[in-house]
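2 protein chains.
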Amino acid sequence: MSRTRDGVETVRVELGERGYPIHIGAGVLGRGDLLRPHLRGRQVAIVSNEVVAPLYLETLRQAIGEGRQVDVFLMADGERHKNLETYGALMDFLLEHRHNRTTTLVALGGGVVGDLTGFAAATFQRGVDFVQVPTTLLAQVDSSVGGKTAVNHPRGKNMIGAFYQPRCVLADTTVFDTLPDREYRAGLAEVVKYGVIRDAAFFDWLETRAGALGARDAGALARAVRRSCEIKAEVVAADEREGGLRAILNYGHTFGHAIETLTGYERYLHGEAVAIGMVMAADLSVRQGWLPAGEAGRIRALLETLGLPVTPPALAGDAMVAAMGLDKKVLDGRLRLVLAEALGRVIVTEDVDAQALGRTLAAGEALCRG
Amino acid sequence: MSRTRDGVETVRVELGERGYPIHIGAGVLGRGDLLRPHLRGRQVAIVSNEVVAPLYLETLRQAIGEGRQVDVFLMADGERHKNLETYGALMDFLLEHRHNRTTTLVALGGGVVGDLTGFAAATFQRGVDFVQVPTTLLAQVDSSVGGKTAVNHPRGKNMIGAFYQPRCVLADTTVFDTLPDREYRAGLAEVVKYGVIRDAAFFDWLETRAGALGARDAGALARAVRRSCEIKAEVVAADEREGGLRAILNYGHTFGHAIETLTGYERYLHGEAVAIGMVMAADLSVRQGWLPAGEAGRIRALLETLGLPVTPPALAGDAMVAAMGLDKKVLDGRLRLVLAEALGRVIVTEDVDAQALGRTLAAGEALCRG
Numbered sequence: 345m346s347r348t349r350d351g352v353e354t355v356r357v358e359l360g361e362r363g364y365p366i367h368i369g370a371g372v373l374g375r376g377d378l379l380r381p382h383l384r385g386r387q388v389a390i391v392s393n394e395v396v397a398p399l400y401l402e403t404l405r406q407a408i409g410e411g412r413q414v415d416v417f418l419m420a421d422g423e424r425h426k427n428l429e430t431y432g433a434l435m436d437f438l439l440e441h442r443h444n445r446t447t448t449l450v451a452l453g454g455g456v457v458g459d460l461t462g463f464a465a466a467t468f469q470r471g472v473d474f475v476q477v478p479t480t481l482l483a484q485v486d487s488s489v490g491g492k493t494a495v496n497h498p499r500g501k502n503m504i505g506a507f508y509q510p511r512c513v514l515a516d517t518t519v520f521d522t523l524p525d526r527e528y529r530a531g532l533a534e535v536v537k538y539g540v541i542r543d544a545a546f547f548d549w550l551e552t553r554a555g556a557l558g559a560r561d562a563g564a565l566a567r568a569v570r571r572s573c574e575i576k577a578e579v580v581a582a583d584e585r586e587g588g589l590r591a592i593l594n595y596g597h598t599f600g601h602a603i604e605t606l607t608g609y610e611r612y613l614h615g616e617a618v619a620i621g622m623v624m625a626a627d628l629s630v631r632q633g634w635l636p637a638g639e640a641g642r643i644r645a646l647l648e649t650l651g652l653p654v655t656p657p658a659l660a661g662d663a664m665v666a667a668m669g670l671d672k673k674v675l676d677g678r679l680r681l682v683l684a685e686a687l688g689r690v691i692v693t694e695d696v697d698a699q700a701l702g703r704t705l706a707a708g709e710a711l712c713r714g
Numbered sequence: 345m346s347r348t349r350d351g352v353e354t355v356r357v358e359l360g361e362r363g364y365p366i367h368i369g370a371g372v373l374g375r376g377d378l379l380r381p382h383l384r385g386r387q388v389a390i391v392s393n394e395v396v397a398p399l400y401l402e403t404l405r406q407a408i409g410e411g412r413q414v415d416v417f418l419m420a421d422g423e424r425h426k427n428l429e430t431y432g433a434l435m436d437f438l439l440e441h442r443h444n445r446t447t448t449l450v451a452l453g454g455g456v457v458g459d460l461t462g463f464a465a466a467t468f469q470r471g472v473d474f475v476q477v478p479t480t481l482l483a484q485v486d487s488s489v490g491g492k493t494a495v496n497h498p499r500g501k502n503m504i505g506a507f508y509q510p511r512c513v514l515a516d517t518t519v520f521d522t523l524p525d526r527e528y529r530a531g532l533a534e535v536v537k538y539g540v541i542r543d544a545a546f547f548d549w550l551e552t553r554a555g556a557l558g559a560r561d562a563g564a565l566a567r568a569v570r571r572s573c574e575i576k577a578e579v580v581a582a583d584e585r586e587g588g589l590r591a592i593l594n595y596g597h598t599f600g601h602a603i604e605t606l607t608g609y610e611r612y613l614h615g616e617a618v619a620i621g622m623v624m625a626a627d628l629s630v631r632q633g634w635l636p637a638g639e640a641g642r643i644r645a646l647l648e649t650l651g652l653p654v655t656p657p658a659l660a661g662d663a664m665v666a667a668m669g670l671d672k673k674v675l676d677g678r679l680r681l682v683l684a685e686a687l688g689r690v691i692v693t694e695d696v697d698a699q700a701l702g703r704t705l706a707a708g709e710a711l712c713r714g
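Protein sequence lines, in the order shown, are assigned to chains A and B.
Residue numbers in the first sequence follow our numbering, run continuously in steps of one, and reach 714 at the last position.
Residue numbers in the second sequence follow our numbering, run continuously in steps of one, and reach 714 at the last position.
Keep in mind that the hints are not guaranteed to be accurate.
To be verified - Facing chain A, according to a computed beta carbon distance under 10 Å, are these residues of chain B, among others:
#1 Phe468
#2 Pro498
#3 Met503
#4 Arg511
#5 Phe520
#6 Arg585
Keep in mind the hints are simulated off the structure, nothing from the lab.
Cβ coordinates follow ideal geometry from the N, Cα and C atoms, glycine included.
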């Protein structure tokens, strides 16, 4: 599934004619030889934000090289700008600059830039090429694999979007040097998730290398990103449009999204909410009698070692249940959760014991009354 | 490719797991047995407009039957409402009524309703099911086959959209009874197009049945709709995303779109502009030495017999060239046209003689100079 050449690791996402490579390594952002083969036409539109562009735009421009029309659309930084308004402004921009069907959109930034750019690429003139250059750990291991693109609606995150695959992904492991510590650690939560859902040996390895990862060791990081992308690529290849297996990627996310919703998306970064959500899902798995308590303890301990929050905030249990019910994973009113059976093995189930769920939620509830 | 059963003709669009049936016949709009198998979840959102809903909404509701949440979104009538604003309002509506991923959107109306609803279905929660119930001849033979969905942008028609296939199409041939004469005849232009691009025998048949078609003879119409859908389905099955063959469906459209643009989308219905565009494309084909003049004459004569305009309006030739250059069919600055080699056979070419094109445009130019 992956190969190493020239210091660059390449994971291939196998989706037939929609398949694409993820190039991982130090300096791939500036590698024109990896990027240019994916630029089909004469036009390129780089989408980035005011924080990321000053750091990497020039390097990316040089990788694109001469002889192409390159236009740059800068959006404001932050999840709240991932909306239909910014999307409309990007459409205006592309048409004002007369981009046609052979243009390529390049997303230079984190998940917000990637999701919005991908949705724009999916829908500009019924679909144009796009390339992802993710500049956060979370974007490299999560949103850059799998083709989920979207913008938010006031009534919910990612409510408007499409499944649309990039032509290639350039995951440069040197970009983490400029990531704020909290954002970096939030990305590690998703890395841990891949171990929990699919690969016990990877989870073991993460435990032994937690210190190196916390210290942003380049070698440990390249391996963590590669293995995360491989696991996600495997799952997505088996289920591109989330009909079955792909749901396991939501481990910790139903709890996590509910926490984000109830705290107004201000208190926690996405990865932090997911870390708490994974601990809650593990707790419920133990209460259902499916997961040994020791394994739930290891999940909690690893996340804590990596500097992530693991204790639910003070929130009423019934508010949590209501917020979980608004999540997209609810089918026809039934709550579906991803729960663990062992490290490396999870299941998607509607068989959730109401009392057990109540007890899992009671930790935050108790703080609430506290 | 098609079968007849129970008075209903069914054309299947062969696109693998995205394939779907088009049911054609009198009264299929009210046939719950054809519709209900395609309603996967408990929720249905009917999208229609203020003109069509009073005529057919109740029949459609009855076909859906009891036991489902059915919400109705009515948009204003007309192409200028096929925009991001109406799209945003539909997204708001779906979320306010808490539609989830298992909902089905049903488009009840002409091409405007179908295109907008299809784009909404393609992008609501990254894609939900949709069903087309086209109520104009044009929508039945054109926009209901092939998965093109879109909204307009001030800088161009259909600039924002996606390729997205419906679950099924119900093409009721009795709906033409309520179509205004001009709109009905505009739809016949696209029917003629299918003969020109792909089926000389069908073109011959249209010539012999022109009177019956003009008089809205039910039998002639059912056959015309069926054969049109079959031809479009064949072309789309061979080239879903417009990489090659599918471009032949644009015969007459590059000229036609330029005429629509320069006359502000007010003077001609789409089918009328396409009728003139087909005559211009045939004229250019003759001038390039590819099409016998007699065959171009037959195209013009059939369109005229069907009550369609065939003479270009008074427009400056250079304005036409500029407007044609804005068309989506331009790749990297080169003008591609679909020209005829014979009745039933066209080619997509960039080999357009500038002088010949100038002479074809001169007819309108001459009127322009008065």
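Verification of the supplied hints:
| no. | hint | result |
| --- | --- | --- |
| 1 | Phe468 | 7 Å, holds |
| 2 | Pro498 | 8 Å, holds |
| 3 | Met503 | 6 Å, holds |
| 4 | Arg511 | 15 Å, violated |
| 5 | Phe520 | 29 Å, violated |
| 6 | Arg585 | 7 Å, holds |
Violated hints, listed in ascending order, are 4, 5; each of the other numbered hints is respected by the structure.
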